[in-house]
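Undergrad: The chain contents come next:
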Amino acid sequence: MTEIEVPYQETIGVRHPRSWITRYWFSQDHKVIAVQYGVTAIAVGLVALVLSGLMRIQIGFPGLLPFITPDVYYQAVTMHGMIMVIFLLTAFLLGAFGNFCVPLMLGARDMVFPFVNMLSYHVYLLSVVVLMASYFVPGGPTGAGWTLYPPQAILPGTPGVDWGIVTMLLSLIIFVVAFTMGGLNYITTILQARTRGMTLMRMPLTVWGIMMATVLGLLAFPALFVSGVMMLLDKLVGTSFFMPAIVSFGQPLEHSGGSPLLFQHLFWFFGHPEVYIVALPAFGVVSELISVHSRKNIFGYRMMVWALVAIGALSFVVWAHHMYVAGMHPYFGFFFATTTLIIAVPTAIKVYNWVLTLWKANIKLTVPMLFALAFILTFVVGGLSGLFLGNVIIDVPLSDTYFVVAHFHMVMGVAPILVIFGGIYHWYPKLTGRMLNNTLGQLHFWVTFLGTYAIYYPMHYLGFIGVPRRYYANGMESDFYPESAATLNEFITIAALVVGLMQFVFVYNLIASYFRGKAAGSNPWEATTLEWQTPNTPPSHGNWGDTLPTVHRWAYDYSVPDEDQDFIPQNVEHT
Amino acid sequence: MKTISEARGTLVTTLADDWGSDIATLKGVPWGKVMMWVFLVSDTFIFTCFLVGYMSVRMSTIEPWPNPSEVFALHAFGVSVPLLLIAIMTFILISSSGTMAMAVNMGYQRRKKAATNLILVTALLGAMFVGMQAFEWSKLILDEGVRPWTNPFGAPQFGAVFFMVTGFHGLHVSAGVIYLLTIAFRIRRGKYDESDFEIVEISGLYWHFVDLVWVFIFALFYLW
Numbered sequence: 001m002t003e004i005e006v007p008y009q010e011t012i013g014v015r016h017p018r019s020w021i022t023r024y025w026f027s028q029d030h031k032v033i034a035v036q037y038g039v040t041a042i043a044v045g046l047v048a049l050v051l052s053g054l055m056r057i058q059i060g061f062p063g064l065l066p067f068i069t070p071d072v073y074y075q076a077v078t079m080h081g082m083i084m085v086i087f088l089l090t091a092f093l094l095g096a097f098g099n100f101c102v103p104l105m106l107g108a109r110d111m112v113f114p115f116v117n118m119l120s121y122h123v124y125l126l127s128v129v130v131l132m133a134s135y136f137v138p139g140g141p142t143g144a145g146w147t148l149y150p151p152q153a154i155l156p157g158t159p160g161v162d163w164g165i166v167t168m169l170l171s172l173i174i175f176v177v178a179f180t181m182g183g184l185n186y187i188t189t190i191l192q193a194r195t196r197g198m199t200l201m202r203m204p205l206t207v208w209g210i211m212m213a214t215v216l217g218l219l220a221f222p223a224l225f226v227s228g229v230m231m232l233l234d235k236l237v238g239t240s241f242f243m244p245a246i247v248s249f250g251q252p253l254e255h256s257g258g259s260p261l262l263f264q265h266l267f268w269f270f271g272h273p274e275v276y277i278v279a280l281p282a283f284g285v286v287s288e289l290i291s292v293h294s295r296k297n298i299f300g301y302r303m304m305v306w307a308l309v310a311i312g313a314l315s316f317v318v319w320a321h322h323m324y325v326a327g328m329h330p331y332f333g334f335f336f337a338t339t340t341l342i343i344a345v346p347t348a349i350k351v352y353n354w355v356l357t358l359w360k361a362n363i364k365l366t367v368p369m370l371f372a373l374a375f376i377l378t379f380v381v382g383g384l385s386g387l388f389l390g391n392v393i394i395d396v397p398l399s400d401t402y403f404v405v406a407h408f409h410m411v412m413g414v415a416p417i418l419v420i421f422g423g424i425y426h427w428y429p430k431l432t433g434r435m436l437n438n439t440l441g442q443l444h445f446w447v448t449f450l451g452t453y454a455i456y457y458p459m460h461y462l463g464f465i466g467v468p469r470r471y472y473a474n475g476m477e478s479d480f481y482p483e484s485a486a487t488l489n490e491f492i493t494i495a496a497l498v499v500g501l502m503q504f505v506f507v508y509n510l511i512a513s514y515f516r517g518k519a520a521g522s523n524p525w526e527a528t529t530l531e532w533q534t535p536n537t538p539p540s541h542g543n544w545g546d547t548l549p550t551v552h553r554w555a556y557d558y559s560v561p562d563e564d565q566d567f568i569p570q571n572v573e574h575t
Numbered sequence: 576m577k578t579i580s581e582a583r584g585t586l587v588t589t590l591a592d593d594w595g596s597d598i599a600t601l602k603g604v605p606w607g608k609v610m611m612w613v614f615l616v617s618d619t620f621i622f623t624c625f626l627v628g629y630m631s632v633r634m635s636t637i638e639p640w641p642n643p644s645e646v647f648a649l650h651a652f653g654v655s656v657p658l659l660l661i662a663i664m665t666f667i668l669i670s671s672s673g674t675m676a677m678a679v680n681m682g683y684q685r686r687k688k689a690a691t692n693l694i695l696v697t698a699l700l701g702a703m704f705v706g707m708q709a710f711e712w713s714k715l716i717l718d719e720g721v722r723p724w725t726n727p728f729g730a731p732q733f734g735a736v737f738f739m740v741t742g743f744h745g746l747h748v749s750a751g752v753i754y755l756l757t758i759a760f761r762i763r764r765g766k767y768d769e770s771d772f773e774i775v776e777i778s779g780l781y782w783h784f785v786d787l788v789w790v791f792i793f794a795l796f797y798l799w
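For the protein sequence lines, the chains are A and B, in the order given. In this text, residue positions in the first sequence follow my numbering: the first is 1, and each later residue adds one. In this text, residue positions in the second sequence follow my numbering: the first is 576, and each later residue adds one.
Bound-form chain B, shown alone (with noise of 0.2 Å):
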């Protein structure tokens, strides 16, 4: 019987043997597949990048940095409720991560049709969200006075990086949605009908990836 640091040994050396070997590193995953997750490491820095330049920023200037559940309230019957509206943008999109996973499942199944109006649905769901930022952007823009060179609440780089972060993000979901929108009608076409829908499983990694940086700039714009 192997003894534990024995078994171990052999795990390390099967797993680097595995992926040093020939003709490919992971065994069975599409060349797509990886290209998307090298992709979103790199996007991850660009991410990580503008956030620490949020927080530099927030840390160097010099005046008060406002009060987000201030900024962010929405009157709704008559009432002021601190983050109304983004907690529903939040719940939309993290709810098209669900239905996107549901459309990756439906892929691995063959239902083309299903698969095709779940990803239909989630690019409605992404739709929505970017609807919704465009609500708050022109609220806070139009109603409040905030522009990226100054607002009313205090800090100037409120603004800036405000507008700058959940822009970049805006930009992504956008990007998703031609990007779902453009799968849907792929498969609907029979282009991937040969092969086994992966196509669904490497647009539903961007897709989530969007939605996980979009919580962190919910909590770190909105509850910090």
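Chain A extracted, bound-state conformation (with noise of 0.2 Å):
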């Protein structure tokens, strides 16, 4: 096919804005949008880090802070979960980095509709400014925890129940129509704007991790969508589709014949996926990361790619496995269980890449490196213990544990977070032309690195040992644990409350750098992707003068032999 030889973006220029509104608040470019997705997610990540710091000072001193009645404790659970999985770690995955990313790493001028993109955005804000909503309005937000299981979670006794429950399922409903506008616009414009030279496999694994996580997404959230608007009928409404005939407080209930197993069918249908949707964009991130710190070309590209893929793929059939104490026949316990494990080889393939990149060469310590093998490490250590719970008899017993904690924490809490870190000090040369300042950076890794694995290697006992999770207190039935237990908890709340302080030093670092930070250049990592190639840094609007790049290469020309120079960007012709 020779028809298309001009990208269709090449030929119309972009609409510039004219006042300080279009320009800064209703933006349509794409590194604003990725900027204001960015913060907000920060900002109400803060928040859910607040909740958590509270959480572990109820477990770790309980009665220390006496306004945690538990109603606040089982508000913040709710609350801390679901805003760092949804609004923190998908809203920056995708929002922030894939907003940034996909534009500048395809050669494109854009998204392919920056106007949805806008839209995306402010209600994706919406979302978050209803969810907030929820410590203002009469009972506070929801305690349901954040898998919001009913009947438990519409029923009186449950913290919120009245409005709280309406805000959260409300919020969510936003959110899944906020990521649909976005999602749209990522699979498009990958499919349909690369520049010149830019074929399917020379384009970054950034923007092949961000692709499969937006197609999971919008296949995935659907599921979420879909049991929102039910529960919320249930409790609006008074239908039963969640409500089994129930007695509530000694008086039964007006509700019969509805399956609460159907709602976790549907939210873990979304909820297994959703693993992935923050998981792949931060392969993709770090294996861009670990290439570009390495000097070295990242090992099997063609494998790293088909391994994204499947993963993608297995991830829609292994869902029940978060379900195995809700009852169900053995031999779906047999399937759910093989599938789950089938998962960890296209997994296992992507890490043995990691670490055949790694492999003789040329390694920085930067600070985005060390995060990068921070989480290769820690995601090992997730993954390792998620074979221990895909196993339906190790399960039974570990769930509900601090077993189970410690496992999804580590391997879809920390892991992407690290990633999110490492990006962060990665792009923010390119996007504020200024380097975040290095020392605090050091302090912020070997803090938040360190810290956590005092945090979570220690739940894994915990969990052992039977202490169960979301418990408020302890009462009679906890004389079982060993004094030990105990002392633990208190040992985890202290470096839990330090990482989470540090997070603040983080924080002034991305403000103070960004006015007395270092000057960069344009391309202070010597990477090779189109990002680092912009006419203009930070890139101005439209990104690219008045041609767009011509690709002539993949993506990881490091280190070639016989060259000067050991980057080879990818708009260099081959001599």
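For the record, the hints were derived by calculation from the structure and aren't laboratory data. Take the hints with a grain of salt, since some may be wrong.
Stated by the list, open to error - With a straight-line Cα cutoff of 20 Å, these simulated SDA-like cross-link-like pairs (lysine to any residue) come out: (1) A:235 x B:740; (2) A:31 x A:20; (3) B:766 x A:12; (4) B:602 x A:515; (5) B:687 x B:770; (6) A:31 x A:511; (7) B:602 x A:11; (8) B:602 x A:12; (9) A:31 x A:515; (10) A:235 x B:742; (11) B:608 x A:115; (12) B:766 x A:11; (13) A:364 x A:442.
Hey, can you piece these two chains together into the complex? The hints should help.
TA: Below you can see the structure in the form of structure tokens.
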């Protein structure tokens, strides 16, 4: 096919905004939208961080802060989980990295539909506002736990049953709308708006990761949307989708004939791909960081791409491994355990390839690289405990203990957030033209990395001795714990508070370096991908001058033998 | 001469090379069309989840499911005709897909006037469908006493899923009517004069999708 020689985006200019409002608030520039997504996600993430601190204080030092009542505690558990998974991780990895990287890395001027992209952010902002409104409605936010299992989520006795659950569900429904608008844009841009020479197999792995995650999102978020709508109807209209005949506080309720398990299926049909919606962009970004900062091409690029695709496909047939304790036919348990363990194969391929990329490489221990290395370690630890939990017979006794908390925080909490940090340290120079402070960065890294191990390693042990998760206080039933459980909880709490405080140093670094950071130049890491080859730093609106760049090679030409410099940008011709 | 397996190999590699080549994976396909297709795939999952939820509560409920031939019967000329109204509604919606397809054809022939009129006819048929759905709903609610939480015919989940799923579909049709009217208005204003009028096909994709979903809802709610 040779009819299309000129990328369509080259023939149309971008419409430059005239006023401050259209430039910085209702901006249609993908870079501004990325920053908006990023800042909102970080802000709401700090709220969730403070909530986790409150929870840890109650667990480590019960009764130290008298205002943490059981209701406040359960509300904190719920809001912390939901904010971190949806409104921070998903929104940051896809909203911020997705918006920033996709057009720049593909050599496009912008997303294909900038207006829809702008709407996407503002709908996301609305969903955050509705979520945060939970704290200002009568009764406060819902305390149902982030999984929002009915019937307990909408029955008296759960905090926030009057208003909190409604704002939570509305906020999720709005978020799905926002995500859909963004996701349609990413996929169409990646498929249809690449520059000359940018074939699919020359795309940086970051773009592959974002694309696969977006596909997963577009197919998985519908289940969340539908379960949200049905639960809202159960709560507000009095239908019985999820509500069986039930006696509450001695009174039989009007409901009958619904299926609570239906909600669990719908929720986890969304919930498990959601893990990979967070993980796949992180895989992509970390591949980028490792290759750039070890000055070596990524090992097994094609395998990396196919592993992303395979993980994405498999992630839709494993969801019921979250429901072993809900009870299911043994054959189903067998099926879901098998598929769950099979996912370890493409995931292990990725880990091996990262390690083989590092093999005999010229590793530069920059801050982004430290975070990338920390990601590999953390992800392996969290992934291995996942192999335990994927087996029915091991999962059943460990379910709802701190082992599970440790597992999913390691694998989908800490690991992606380390990549987010690494990515921020990596791309901040391109975004602002200034480097982040290295000393603060090193401090932030070591405290966060070692601190998270101090927090989550002991939790595995707590889980093994049977300490249940989500408990406000341990009563008489907990007499069988050894004394050390309480001591460990105190230790974990102190570690968590230190790590939490360190994140404010990171935020300070982000702000201070914007004004006083060292000038970065256009390509401080000497990277090959297109975002570092823009004519201006920070890239101007429209990214490229009159002509889009032409790509001549793949994204990972590092340390090519017999070349003068150890990297060859993608837009340099073969000689 | 190539053997069959060689030819097949060439076909696959050529396809892969085309899709994987630079600039655009789907050559010559407008951005909006790609975006609409991706959106429709996502929307398919929404309706699938709704319908699976419907099947699931139909299995979990303890009371017998109402007989659709009785619930949806209409008294016309003194006899009770099962599914009369819904047959008319289905006929109207399927016909609107026909007029939409004709509009797409007229669009590609650059016959703006004909295309606009056919889109308007499609929107009118869609509006009729929504109107008849409103009539059906009001009959069920006011005359028969069907509510989302209870109904006189049997399982309370019947009303719940019926109103939820047909309501969600009705919202899609209503949104489609507004979308089509907007497109017709913009075509008349000359907004697409420099294009190939693929916008008619894009909006048509959405309209056909809404129709197709109706076929499933019709089969699963009225015939099952």
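Undergrad: Each hint needs a verdict: does it hold in this structure or not?
TA: Status of each hint after checking the structure:
no., hint, verdict
1, A:235 x B:740, "holds, 17 Å"
2, A:31 x A:20, "holds, 15 Å"
3, B:766 x A:12, "holds, 16 Å"
4, B:602 x A:515, "violated, 45 Å"
5, B:687 x B:770, "holds, 12 Å"
6, A:31 x A:511, "holds, 18 Å"
7, B:602 x A:11, "holds, 17 Å"
8, B:602 x A:12, "holds, 18 Å"
9, A:31 x A:515, "holds, 19 Å"
10, A:235 x B:742, "holds, 18 Å"
11, B:608 x A:115, "holds, 17 Å"
12, B:766 x A:11, "holds, 19 Å"
13, A:364 x A:442, "holds, 13 Å"
The structure does not agree with numbered hint 4 stated previously, though it agrees with all others.
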